[in-house]
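Undergrad: Protein chains in written order, with the numbering used here: chain A, 4 to 539; chain B, 277 to 799.
If you're looking for bench data, these hints aren't it; they were derived computationally from the structure.
Even glycine gets a Cβ: it sits at the ideal position worked out from N, Cα and C.
Treat the hints with care, as some may be off.
Claimed, not checked - Cross-link-like lysine-lysine pairs, in silico, DSSO-like; alpha carbons within 30 Å at most:
no.	chain 1	residue 1	chain 2	residue 2
1	A	LYS182	A	LYS447
2	A	LYS447	A	LYS378
3	A	LYS245	A	LYS447
4	A	LYS176	B	LYS794
5	B	LYS794	A	LYS182
6	A	LYS278	A	LYS326
7	B	LYS765	B	LYS303
8	A	LYS378	A	LYS329
9	B	LYS765	A	LYS176
10	B	LYS303	A	LYS182
What the hints assert, rightly or not - With the Cβ distance kept under 8 Å, some of the chain B side facing chain A (calculated, not the full set):
no.	residue
11	ARG344
12	GLU347
13	ARG350
14	GLY352
15	THR422
16	THR424
17	ARG444
18	GLU467
19	ARG488
20	VAL598
21	ARG599
22	HIS649
23	THR748
To be verified - Some, not all, of what chain A presents toward chain B, calculated at C-beta under 8 Å:
no.	residue
24	PRO151
25	ALA174
26	ARG218
27	PRO314
28	PRO318
29	ALA478
30	LEU479
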Amino acid sequence: MASAPRYDAIVIGGGHNGLVNAAYLARAGRKVLVLERRPVVGGAAVSEQVFPGFTFSVFSYVVSLLRPEIIRDLDLPRHGLQILPLESTVTPMENGNYLSAWGDHDRTRRELYRHSPRDAEAYDEFGRLMHHMAMAVRPILGMIPPDPTSLSPRDLMSLLRLGRHFQSLGADKFPWLYKLMTMSSADFLDEWFETDVLKATKSASGIIGTFLGPRSPGSAYVLLHHYMGEIDGAFRAWGFQKGGTGGISDAIASAARELGAEIRTDAPVARVLVKSGRATGVALENGDELHAEAVVSGLDPRRTFLQLVDPGELPTEFADAIKRYKFRGSSGKVNLALSELPDFSCLPGVGAHHRGAISISPTMAYVERAYDDAKYGAFSRQPYMDIIFPSMIDPGMAPPGRHVMSIFVQYAPYNLTGGWTDARREAFGDAVIDAVARFAPNLKRAILHRQVLTPADIERITGLTEGNIFQGELALHQLFFLRPAHQWARYRSPIKGLWQCGAGTHPGGGIMGASGRLAALEMLGMGGRANGGGGR
Amino acid sequence: MTLDAIVIGAGLNGLTAAASLARRGRKVLVLERRATIGGSHATEEVFPGFRFDTVSHDAGWIAPSIVRTLELERHGLKLVTPGYTLVSPQSDGGHLALSPDLARSAESIRRHSAADAAAWPAFCGRMHRLTSFLGMLYERPAPIPTSTAPGDLWSLLALGRRARALGREGMIDLLRILPMSAAELLDDWFESAVLKGALGALSVRGIMQGPRSGGTAFVLLHRHAGAPAGAFGAHTVVRGGVGALAGALAASASASGAQVRTSASVRHVLIEGGRATGVVLDSGEEIRARAVLSSADVRQTFYELVDTTALDPEMLRAVGHVRQRGAVAKVNLALSATPAFRSLAGGDGLLSGSIVPGVTLDELERAYDDAKHGGISRRASLEIRIPSLHDGALAPAGKHVMSVRVQFAPYRLADGWTAARREALGDQVVAALAEHAPSLPGTILRRQVLTPLDLETEYRLPEGNLAHGELTLDQILFMRPVAGMARYKTPLDGLYLCGASSHPGDGVAGGAGWLAAKAVDFA
Numbered sequence: 004m005a006s007a008p009r010y011d012a013i014v015i016g017g018g019h020n021g022l023v024n025a026a027y028l029a030r031a032g033r034k035v036l037v038l039e040r041r042p043v044v045g046g047a048a049v050s051e052q053v054f055p056g057f058t059f060s061v062f063s064y065v066v067s068l069l070r071p072e073i074i075r076d077l078d079l080p081r082h083g084l085q086i087l088p089l090e091s092t093v094t095p096m097e098n099g100n101y102l103s104a105w106g107d108h109d110r111t112r113r114e115l116y117r118h119s120p121r122d123a124e125a126y127d128e129f130g131r132l133m134h135h136m137a138m139a140v141r142p143i144l145g146m147i148p149p150d151p152t153s154l155s156p157r158d159l160m161s162l163l164r165l166g167r168h169f170q171s172l173g174a175d176k177f178p179w180l181y182k183l184m185t186m187s188s189a190d191f192l193d194e195w196f197e198t199d200v201l202k203a204t205k206s207a208s209g210i211i212g213t214f215l216g217p218r219s220p221g222s223a224y225v226l227l228h229h230y231m232g233e234i235d236g237a238f239r240a241w242g243f244q245k246g247g248t249g250g251i252s253d254a255i256a257s258a259a260r261e262l263g264a265e266i267r268t269d270a271p272v273a274r275v276l277v278k279s280g281r282a283t284g285v286a287l288e289n290g291d292e293l294h295a296e297a298v299v300s301g302l303d304p305r306r307t308f309l310q311l312v313d314p315g316e317l318p319t320e321f322a323d324a325i326k327r328y329k330f331r332g333s334s335g336k337v338n339l340a341l342s343e344l345p346d347f348s349c350l351p352g353v354g355a356h357h358r359g360a361i362s363i364s365p366t367m368a369y370v371e372r373a374y375d376d377a378k379y380g381a382f383s384r385q386p387y388m389d390i391i392f393p394s395m396i397d398p399g400m401a402p403p404g405r406h407v408m409s410i411f412v413q414y415a416p417y418n419l420t421g422g423w424t425d426a427r428r429e430a431f432g433d434a435v436i437d438a439v440a441r442f443a444p445n446l447k448r449a450i451l452h453r454q455v456l457t458p459a460d461i462e463r464i465t466g467l468t469e470g471n472i473f474q475g476e477l478a479l480h481q482l483f484f485l486r487p488a489h490q491w492a493r494y495r496s497p498i499k500g501l502w503q504c505g506a507g508t509h510p511g512g513g514i515m516g517a518s519g520r521l522a523a524l525e526m527l528g529m530g531g532r533a534n535g536g537g538g539r
Numbered sequence: 277m278t279l280d281a282i283v284i285g286a287g288l289n290g291l292t293a294a295a296s297l298a299r300r301g302r303k304v305l306v307l308e309r310r311a312t313i314g315g316s317h318a319t320e321e322v323f324p325g326f327r328f329d330t331v332s333h334d335a336g337w338i339a340p341s342i343v344r345t346l347e348l349e350r351h352g353l354k355l356v357t358p359g360y361t362l363v364s365p366q367s368d369g370g371h372l373a374l375s376p377d378l379a380r381s382a383e384s385i386r387r388h389s390a391a392d393a394a395a396w397p398a399f400c401g402r403m404h405r406l407t408s409f410l411g412m413l414y415e416r417p418a419p420i421p422t423s424t425a426p427g428d429l430w431s432l433l434a435l436g437r438r439a440r441a442l443g444r445e446g447m448i449d450l451l452r453i454l455p456m457s458a459a460e461l462l463d464d465w466f467e468s469a470v471l472k473g474a475l476g477a478l479s480v481r482g483i484m485q486g487p488r489s490g491g492t493a494f495v496l497l498h499r500h501a502g503a504p505a506g507a508f509g510a511h512t513v514v515r516g517g518v519g520a521l522a523g524a525l526a527a528s529a530s531a532s533g534a535q536v537r538t539s540a541s542v543r544h545v546l547i548e549g550g551r552a553t554g555v556v557l558d559s560g561e562e563i564r565a566r567a568v569l570s571s572a573d574v575r576q577t578f579y580e581l582v583d584t585t586a587l588d589p590e591m592l593r594a595v596g597h598v599r600q601r602g603a604v605a606k607v608n609l610a611l612s613a614t615p616a617f618r619s620l621a622g623g624d625g626l627l628s629g630s631i632v633p634g635v636t637l638d639e640l641e642r643a644y645d646d647a648k649h650g651g652i653s654r655r656a657s658l659e660i661r662i663p664s665l666h667d668g669a670l671a672p673a674g675k676h677v678m679s680v681r682v683q684f685a686p687y688r689l690a691d692g693w694t695a696a697r698r699e700a701l702g703d704q705v706v707a708a709l710a711e712h713a714p715s716l717p718g719t720i721l722r723r724q725v726l727t728p729l730d731l732e733t734e735y736r737l738p739e740g741n742l743a744h745g746e747l748t749l750d751q752i753l754f755m756r757p758v759a760g761m762a763r764y765k766t767p768l769d770g771l772y773l774c775g776a777s778s779h780p781g782d783g784v785a786g787g788a789g790w791l792a793a794k795a796v797d798f799a
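For reference, chain A alone in the conformation it holds in the complex (with noise of 0.2 Å):
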């Protein structure tokens, strides 16, 4: 029975570039409906009382990404948000000392000095073109990307201006740019610093959520992607919100709902209606059908048009890349209610590295060789791992005296040799334990409760697929105008009503939210305005 459509627009999958979709077009007074599959918002950006009196950010545990725009347009420091610093990374070290590293620029080189004068005053130059590198990534990230093989007006004037921004940067710094996005984080930091544990340290930036060892190229840009990262306006500056990372999510959520948009849970999404090659709506897994002028996926783009789609409505060409694309899930995370604070024997007792982030990457060879277990199918025997203690910053995550601890792990393959089993996921957990008791003897006892989640989990849970945290890698091929695919880089489809807002489309993952942001004003034929042109 065809009936008029409800909404304007529906968005499949309340993670936060769906909210972030929705809400904008909301704002721009667009009538919304959001499907949300699990009981809770947030997608891999969510808050869980995973254990009784413990709450954990479940999936993605940290922000910094997330556009300064967006958070002014939504207004969400009323809905909610509340992003605390964390003020330090510490590093362990296989002899007892360990590397510290400080929002406070000074306290840094001091600590600095202590392991190599050299690198101290490397530390300043290279802190000074990593900002300049970001702000001339960063109006790339908030533009829509032009077709470089279109002839259009748009494409063309849009590509001038991207050249125009690239020549600006000068013979200087255009170089710096370029070996960014070619060179391994390893080579990049080899140029500027000798402290091997501070290479270690920052090179796993380069590593984060992308199966690519620190010496693999590709990892440079990933390194630099992570330090487009701004809260009020500090570079490279990583917070936490309170409550967890689903008060981002509920955040978002609020300012959509205040904004008119309507946000339905369990409500797990079958199929794409396609008539006539044209998206006119949903049907739901209880079989309920919602029409709309516009469906909007916020699902990574294997989901959204291998499985939600009939095959027989895409072109072969764009089926196929789609195929092609890349996920390679590499991270796992396993969480922890914690008796006690880890004690760790290179800063004994409690102290201020607990209310910041504990980098498990002793050595270059160490993170190095963690890549070398997962490429032949394997988890890494002692994995990189970025290591949190939330109830540190916000007492409210577990019960008076206790703690929760959270453990993002490099790497743990989707493809491991075999499959993931229930035994190997418990292994691969006992392995994560025993490479941070190495550095922290009193861990095991303190350990109350454990939850390991291994890509097939992540996968599974928040169906993102591969498991991989940004809805496919960051890889030189995969980013701008080919991702997810030519053509349709411009959160398009080739069905016509079908439009895509994950992190599978341009800029990709972490808690940005700008694929939503910049799905949203291209619908609304605002999309000029994101690339510095007026309307269009």
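Please build the complex by placing chain B on the supplied structure of chain A, with the hints as guidance.
TA: Below, chain B without anything else, positioned relative to chain A:
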């Protein structure tokens, strides 16, 4: 007599630059430290009666424009097209044989995978479209994306037009494939481990990366530039060894009036008033010229041949950071008989090109893992040539010379190179060869093993790197050798770079010398 130009080094690039300048009426002197010309492309009598392509056994792409302009064929150059460009013997008795004859290659691939055989012609076509584009780039100075000079903007625009001429599919291939890893590219197209391994070995040639590293797809394409579609591997062979190409270039240069002096080692470049005015030899002899072209690698040029006190420290730092990690050792074998590969018996011409003993992508990657952590690959990837099959004069009658490139043998070996480690590497290579050619060890008359350290000491290859700087995406085009010096001019007036450190780099015979000669300003 005042010289117009001195060229430091009589390798392929130095000789090409000299021949090109001389042809345009310039008075040129080439100074070669060694007694033999050719540099890393020399053919030398290592053992009495046996002449080897001692270091590099492949001249790469020899651009027809250079051959024609310098009349190299008249000066003795004979190019041979091998029957097969790439043959990969397998330990199970089968083999893979590739050539520009796509149908014949597909026939060979079919024995490993019918689907891959079907995909082969399309793959070759798609790759060839890209390598033709690269070939075009390699025949002209590197475009400088940040330059606002009208000439540069014009050539950028022209380049954009040529990229568009690739068509939509070609353009996307260009943008998408270059930064990919070879493993990803090959996995997209093929299923056969035999085929993927053979092409994978080409993709890591000379670089310290495994086939899973981003940018190795570019290396595959770079090594294929100038070749006919499908001719992966040894698409052109110089009869008489690669040194014969150096010989023809030297003959062409001499015929135009250039002088080539061997055993003439340059101690440093003379700098007067911020300008290069000549060179001083180890003997103390001073020779002056209006321009000095160095085909030594960029780091040696600036760190050893030039007084750097007046130079920009940023530039020197960039030069110091050029990555040139030696990854290859060389084993040269004098053989008493034609090598008999078990799986290549009876095939006509199967030994005429590049022979790559069967290897999988995972084995290549593990070989790289060993090297990246400072060890010699436990199972190194070998690439073999037998030049005496094309020219009997390279060895006594019935005997042969076999040239083996061994990857990975890192320059920075964790425990350092010693004579014992060198010989152990030689033994390892012979044992690996014996797996495919069991009778071979019994036919070895003499053996020479060159470690990356040997290559640096004897041939002045930096860290033993045959390419004067790894050919990775971050070190090509306007970034080669460093940003700001891609057009052969240096910050010192009168001093030019003309070696493989410069665009287009190793793999394009004489390409850098050819373009550098055009950049010399005699005004």
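Undergrad: When the hints from earlier in the document are held up against this structure, which numbers fail?
TA: 1, 10, 11, 12, 13, 14, 18, 20, 27 and 28
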